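Based on the provided sequences and hints, a complete structural model is requested.
Chains as they are written, first to last, in the working numbering: chain A, 600 to 676; chain B, 600 to 676; chain C, 4 to 156; chain D, 4 to 156.
No lab work stands behind these hints, which were simulated from the structure alone. Just so it is clear, the structure is predicted and the values come from calculations on it, not from any experiment. For each residue, glycine too, the CB sits at the ideal point set by N, CA and C. There's no promise every hint is true.
With a straight-line cut-off of 30 Å between C-alpha atoms, the simulated DSSO-like cross-links for lysine-lysine are [to be verified]:
id, chain 1, residue 1, chain 2, residue 2
1, D, 147, D, 99
2, D, 73, A, 601
3, C, 147, C, 73
4, B, 601, C, 73
Some residues of chain D that are not near chain C, with every Cβ distance over 12 Å (derived) [as the list claims (entries may be wrong)]:
id, residue
5, 68
6, 70
7, 76
8, 83
9, 85
10, 133
11, 144
12, 145
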Amino acid sequence: MKIQVFAVLKDYFDKEFELSDTVTSVAALQQHLTQLNTEATGILKLCRFAVHNEFVDQNYTLTNNDTICIFPPSSGG
Amino acid sequence: MKIQVFAVLKDYFDKEFELSDTVTSVAALQQHLTQLNTEATGILKLCRFAVHNEFVDQNYTLTNNDTICIFPPSSGG
Amino acid sequence: MILSAYSHPVAEAEVPELSAMPLDVVALLAQAHHPRAGAVVLFSGEVRNHNNGMDVDYLEYEAHKAMAAKMIKQIIADAHDKFPLNIAVAQHRTGKVIVGETAVVVITASAHRSEAYAANQYIIDRIKHEATIWKCEYFSDGTKQWGGNCSCH
Amino acid sequence: MILSAYSHPVAEAEVPELSAMPLDVVALLAQAHHPRAGAVVLFSGEVRNHNNGMDVDYLEYEAHKAMAAKMIKQIIADAHDKFPLNIAVAQHRTGKVIVGETAVVVITASAHRSEAYAANQYIIDRIKHEATIWKCEYFSDGTKQWGGNCSCH
Chain A
600 MKIQVFAVLK DYFDKEFELS DTVTSVAALQ QHLTQLNTEA TGILKLCRFA VHNEFVDQNY
660 TLTNNDTICI FPPSSGG
Chain B
600 MKIQVFAVLK DYFDKEFELS DTVTSVAALQ QHLTQLNTEA TGILKLCRFA VHNEFVDQNY
660 TLTNNDTICI FPPSSGG
Chain C
4 MILSAYSHPV AEAEVPELSA MPLDVVALLA QAHHPRAGAV VLFSGEVRNH NNGMDVDYLE
64 YEAHKAMAAK MIKQIIADAH DKFPLNIAVA QHRTGKVIVG ETAVVVITAS AHRSEAYAAN
124 QYIIDRIKHE ATIWKCEYFS DGTKQWGGNC SCH
Chain D
4 MILSAYSHPV AEAEVPELSA MPLDVVALLA QAHHPRAGAV VLFSGEVRNH NNGMDVDYLE
64 YEAHKAMAAK MIKQIIADAH DKFPLNIAVA QHRTGKVIVG ETAVVVITAS AHRSEAYAAN
124 QYIIDRIKHE ATIWKCEYFS DGTKQWGGNC SCH
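What follows is the structure in structure tokens.
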């Protein structure tokens, strides 16, 4: 699956990367990323996740063809 | 004294007129105008009075040289 | 604003409180910037084509100009006292104003938006209720009606 | 508005929700009229020259554009459901925005002013908190800081 991170998350992860590990839910992905970079633990807890331009919740089932976008809290305006 | 009336009051009185009668307070003027045109009784009760570009209250003492402006409720905007 | 990233903030004293000519809302807005103000709020009160079910032809605003100008100045000063504003300006039309034209404009600028909105509403509320300005509506059927209801209470 | 007493009301669909170019606030306002709307409220969120005591050089707005545009569209639609609006438009910058430039503009028009103000605040609050847009501040001392605080909370 492909991961795209935004804004401050780019300080902790590449902007875009492939994940070969088999994570099957958003919750598992969040857990996995926390292990990749423990400094991102706090910010990841605040993030929203989207697949195919729709927000998905913690239980959403991920497949290997998905592109998952990870959004820190909005700060527009 | 000179009286200037504004807006809807012009439907009841001349825009500007002299008052030779001796009224000595705003309250007395209000009473006097009510007698001149009883149809203005209601609107006169809502009006504000000004002398020399300053609002004056019911007890303000009028002199014969004063110009008194009478304002119905504001309706700007 | 695109036009004036580094423009001099509008000098409030330069904006007359009353104008017998159409209000140049765009020019007022283009000048209303301040490098410390993150939030600019503009209110434009415009003449509607109907009111209380009647078709409106045009309005006419009468004013006791000297007192109205002084009162608007005081309202702006009070707004500066109550809210942390970088800019506060207001201008009201007099005379004949046609449908779609602006009868009154208020612009406020502040570091934070809640204060810019609140100050803007404070200023327009007080101008409408206190300033010595009166609206007369002229309807398509030839009748007219003095004030009482503002265009956008 | 002086420019456009009888102009066609702005077609909301014609205003892109996001723009990489400077926002033309004046042009948006000049079009935002409606013969039934007595009250027009405009909010312009502008880049301040300081934040939290730091001198700001410029901001950069990153966005997930497809989702941000869709969310702003939905927020506008929700505003129409909640408030009796004649017009509601919003546009947000992306990319580098310098001090004094507008980062976001919201225009609402309604028959009555309380609803135009309330809808305007509703729209900007939701855009700031929900849309997939993030600010990065670049300071004069060479440091940068990602979002968190908006320019004019």
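Taking the hints in turn, this is what the structure says about them:
no.: 1; hint: D:147 <-> D:99; verdict: 13 Å, holds
no.: 2; hint: D:73 <-> A:601; verdict: 22 Å, holds
no.: 3; hint: C:147 <-> C:73; verdict: 29 Å, holds
no.: 4; hint: B:601 <-> C:73; verdict: 22 Å, holds
no.: 5; hint: 68; verdict: 21 Å, holds
no.: 6; hint: 70; verdict: 24 Å, holds
no.: 7; hint: 76; verdict: 22 Å, holds
no.: 8; hint: 83; verdict: 18 Å, holds
no.: 9; hint: 85; verdict: 17 Å, holds
no.: 10; hint: 133; verdict: 16 Å, holds
no.: 11; hint: 144; verdict: 18 Å, holds
no.: 12; hint: 145; verdict: 20 Å, holds
The structure meets every hint from the earlier list without exception.
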